[in-house]
Amino acid sequence: MNDTEQLVKDALGKLAERTPHPGPTLNALRRKRKRPRNVFLISVAGMAAVAVLIFAGVIASDRYTPPSGNDAAAALIPGNGQSVALKYAPHWLPTGYVENFRLVDREVHRVWVPEGAKGFPFTDGGPQIALIAGGDQPEGVDWQDTTVRGLKAKIALRDQTAELVWHAQDLLKVSVRGFPDARQVALQVAESVRADSKVVHRAAFKLDGRYADHTWGSKPADWEAMSIWKNQVSVHVGTLPPQLVGDTKPVVVRGREGLRTEKGVAVFDGSVWIWATAESNTDLVVEAVNKVELVPSPDTSWIGKGL
Amino acid sequence: MTPSFDDFVAEQVTPLLRYATVLTCDPHLAQDVVQEVLLRAQQKWDRIGAVDLPHAYVKRMVTNEYLSWRRRRAAKDVALCMTTLESVTPPVGDTTHHYDEREAMLQRIAKLPRKQRAAIVLRYYENYEDSEIAQMLGCAEGTVRSHISRALATLRMDHTPEPAGVGLRLGEGLS
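Read top to bottom, the protein sequences are chains A and B. Position 279 of the first sequence, counted from 1, bears residue number 279 in full-length UniProt numbering, the numbering being contiguous throughout. Position 58 of the second sequence, counted from 1, bears residue number 58 in full-length UniProt numbering, the numbering being contiguous throughout.
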């Protein structure tokens with residue numbers, strides 16, 4: 001073996017030392033595993049779907065539905081609300097971090113906090129990792145250039161929070177708070193982010209044609225979903241009873257007996273609590289709760305889960 | 001007895017990633033290639049698991065995936081620099097004077113046409129014989145010798161390394 005060949009061998013050996021950790025690959029495999037498909041059933045289902053579409057097309061072809069006011073807003077939400085493709089997922093997180101918050105609007109937020117964190121860990125200033133898709137380019141002068149998977153990126157460190165922004169198919173941001181090495185953690189999380197069309201979010205309720213955009217909780221059976229209605233009423237559906245402030249009196253809402261306070265109303269409807277609050281005394285809270293359409297089987301299986 | 005797919009992955013994912021990293025010169029691309037191959041292998045595991053050497057079969061899948069991947073992306077820029085590599089795994093400390101030579105050599109290897117690069121990796125990293133390389137690349141042994149000879153001739157040429165942090169354009173030939 002001559003010098004060149006030996007150098008080639010040494011160089012390749014050195015390159016092998018940079019082999020990435022298998023964790024992200026294993027996690028991605030776990031998420032993306034394809035189940036064996038029943039070709040016959042798929043064919044039958046496909047033919048049935050085509051038949052239904054043709055039939056529906058014939059029936060609907062001479063109808064015209066004017067656009068509603070909600071269409072424009074709904075169009076801004078990826079996937080039109082109920083089943084939203086979250087599109088991106090990290091494949092590495094620090095040990096013990098679980099997902100407990102999602103916001104699906106023009107931006108899609110996913111937040112992971114330490115397992116067992118109590119209260120509202122995504123707002124209390126404690127440790128958290130957030131992945132945000134969509135939004136605007138960062139502004140300001142304190143951003144430093146870096147790279148994520150070979151793409152140009154910008155990172156800023158403020159008050160022990162590292163924010164890392166890069167442009168993949170969408171603008172992506174990783175925000176890491178409460179780590180002594182927040183910058184390094186943010187880079188490592190960002191490097192593990194992959195597009196994943198199979199990760200979807202299904203909202204828990206609908207109100208006036210719009211699905212709930214906030215969902216959080218500590219475990220699949222302990223969750224809460226929320227939307228703001230008419231810019232003044234905060235509407236919630238959740239598994240735990242709300243804390244009502246002030247004197248209460250009975251009220252009939254959704255055909256059941258609920259409780260009315262000065263600025264809010266709450267009712268237990270089957271398996272979940274539905275309530276609404278406002279800044280002032282308004283009957284809009286009762287109207288909002290009456291209008292809530294529950295989704296039969298909301299997907300909360302992601303709450304409290306890690307990778 | 002046919003190993004389960006899970007056992008196979010647990011045992012082979014790191015060697016496959018290592019091979020793919022050396023083959024692609026890009027840890028990110030290596031992850032993507034291995035992930036894609038394992039997903040496909042899982043679907044056909046009844047057949048793949050039953051062959052004599054499943055890991056050799058899957059390694060060949062990785063090679064083919066890389067070659068076709070490169071074909072699909074031949075016109076694209078791929079960031080290949082030490083910054084990229086070190087962002088995934090910090091380099092092991094190296095104080096020898098060979099460091100720069102090896103780094104320069106890596107950059108030259110990264111510029112080789114894909115089949116030449118694969119042949120070089122199989123010969124000098126995997127220590128394969130010509131016949132094994134020919135089988136892996138699906139070509140004649142004479143073609144393998146030609147690939148390696150041409151590659152070594154290119155690598156011997158005097159070359160000034162590009163500064164670290166500069167992405168190399170890898171729009172290499174498709175031959």
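Check each hint, because a few of them may be wrong.
Claimed, not checked - A few chain A residues that face chain B, going by a derived Cβ cut-off under 7 Å, partial list only: (1) 11; (2) 19; (3) 20; (4) 29; (5) 31; (6) 157; (7) 158.
Stated by the list, open to error - In silico DSSO-like pairs for lysine-lysine, Cα to Cα no more than 27 Å straight-line: (8) 111(B) to 14(A); (9) 111(B) to 9(A); (10) 111(B) to 152(A); (11) 198(A) to 44(B); (12) 152(A) to 14(A).
Keep in mind that the hints were calculated from the coordinates and are not lab data. Beta carbons are placed, not taken as given, at the ideal position from N, Cα and C, and that holds for glycine.
So, going through the hints one by one against the coordinates:
Here the hint on residue 11(A) is kept, as its CB sits about 4 Å from the closest CB of chain B, short of 7 Å. A cut of 7 Å between beta carbons decides the hint on residue 19(A): the least distance to chain B is about 4 Å, and the hint holds. Here the hint on residue 20(A) is kept, as its CB sits about 4 Å from the closest CB of chain B, short of 7 Å. The criterion of a C-beta within 7 Å of any C-beta in chain B is met by residue 29(A), whose closest approach is roughly 6 Å, and the hint holds.
A cut of 7 Å between beta carbons decides the hint on residue 31(A): the least distance to chain B is about 10 Å, and the hint is violated. Restraint check, residue 157(A) versus chain B: the minimum CB separation of about 17 Å is more than 7 Å; hint violated. At about 22 Å, the closest approach between the beta carbon of residue 158(A) and any beta carbon in chain B exceeds 7 Å, and the interface hint on this residue is violated. Pair hint residue 111(B) plus residue 14(A) holds up; C-alpha atoms about 17 Å apart against a cutoff of 27 Å.
With a C-alpha separation of about 16 Å, the suggested pairing of residue 111(B) with residue 9(A) holds against the 27 Å cut-off. This hinted pair checks out: residue 111(B) and residue 152(A) have alpha carbons roughly 22 Å apart, not beyond 27 Å. The straight-line distance between the Cα atoms of residue 198(A) and residue 44(B) is roughly 21 Å, inside the 27 Å bound, and the hint therefore holds. Of the supplied pair hints, the one linking residue 152(A) and residue 14(A) holds, its CA atoms being roughly 26 Å apart against a limit of 27 Å.
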